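Turn these sequences into a full structure, and let the hints steer you where they fit.
Here the protein sequences line up with chains A and B, keeping their order.
Numbering-wise (my numbering), the first sequence opens with residue 1 and increments by one.
Numbering-wise (my numbering), the second sequence opens with residue 1001 and increments by one.
Don't read these hints as lab results, they were simulated from the structure.
One or more of the hints may lead you astray.
Partial list, derived from the structure: chain B residues whose beta carbon lies under 8 angstroms from chain A [stated by the list, open to error]: (1) G1043; (2) Y1054; (3) V1078.
For each label pair, taking beta carbons as the anchor points, the in silico distance ranges come out as [said to hold, decoys possible]: (4) P1040/B with K14/A: 29 to 35 angstroms; (5) G1043/B with Y95/A: 20 to 26 angstroms; (6) K1073/B with E59/A: 19 to 25 angstroms.
None of the values given here were measured: they were computed from a predicted structure.
C-beta atoms are modelled at their ideal positions from N, C-alpha and C, and glycine is treated no differently.
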Amino acid sequence: NAGVTQTPKFQVLKTGQSMTLQCAQDMNHEYMSWYRQDPGMGLRLIHYSVGAGITDQGEVPNGYNVSRSTTEDFPLRLLSAAPSQTSVYFCASSYGDRLEEQYFGPGTRLTVT
Amino acid sequence: AQKITQTQPGMFVQEKEAVTLDCTYDTSDQSYGLFWYKQPSSGEMIFLIYQGSYDEQNATEGRYSLNFQKARKSANLVISASQLGDSAMYFCAMREYGNQGGKLIFGQGTELSVKP
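Quick look at the structure:
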């Protein structure tokens, strides 16, 4: 199993550009989440999904869109990048409700200039 | 209000000694879970230990134990016999089961440095 994979690893965007961060898992996990981690801080939940076709907002959803058309993939879209979105983005997945068995991807480091 | 508070931005410990990392939480839910994660300098998030609010025994996983004091709303992580590889950021997190879905709320972290 590859676990949770994220692409790209690094990305630089200009203000106003849009892009999609990719996240995929091959463990047939129902739950998937996107977090952002700002310097010196813990992770904050952006959006999450409890299964294909179902998504919901977390703590800091503004400026981001998600969709979940398959169990495996959970892309995060930045609609119009802003410098405040400079952060490290983590995708995570877990089997059902078992967050104690949540697997994190390696992260995407995004810089918006 | 802060849901998860980690009051120690940085800690030092001598190799082979034990260390306690503090975490206090705030919730009105009766059912919740507490987590500790390790983040080494390479950046990945590594799950360490979990404690459910109804668990009567403190959770243990190898050298990690969680000192759960429900009345004080604290969930401190104890690392016994520290190793150089334990140097990392450590995050406490909470999930309130009254909320739908997988919402984890993280503290700001404690940076642990293990001295040889």
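Do the hints match the structure? See the list:
1. Restraint check, G1043/B versus chain A: the minimum CB separation of about 5 angstroms is within 8 angstroms; hint holds.
2. Proximity of Y1054/B to chain A is violated relative to the hint, the smallest CB-CB distance being about 14 angstroms (cut-off 8 angstroms).
3. With a cut of 8 angstroms, the hint placing V1078/B at the interface with chain A is violated, because the nearest CB-to-CB distance is about 18 angstroms.
4. Roughly 32 angstroms separates the CB atoms of P1040/B and K14/A, a value that falls within the hinted 29 to 35 angstroms.
5. Evaluation of the 20 to 26 angstroms hint for G1043/B and Y95/A yields a pass: the beta carbon distance comes to about 24 angstroms.
6. Between K1073/B and E59/A the C-beta distance comes to about 20 angstroms, which sits within the given range of 19 to 25 angstroms.
The structure does not agree with the numbered hints 2, 3 stated previously, though it agrees with the rest.
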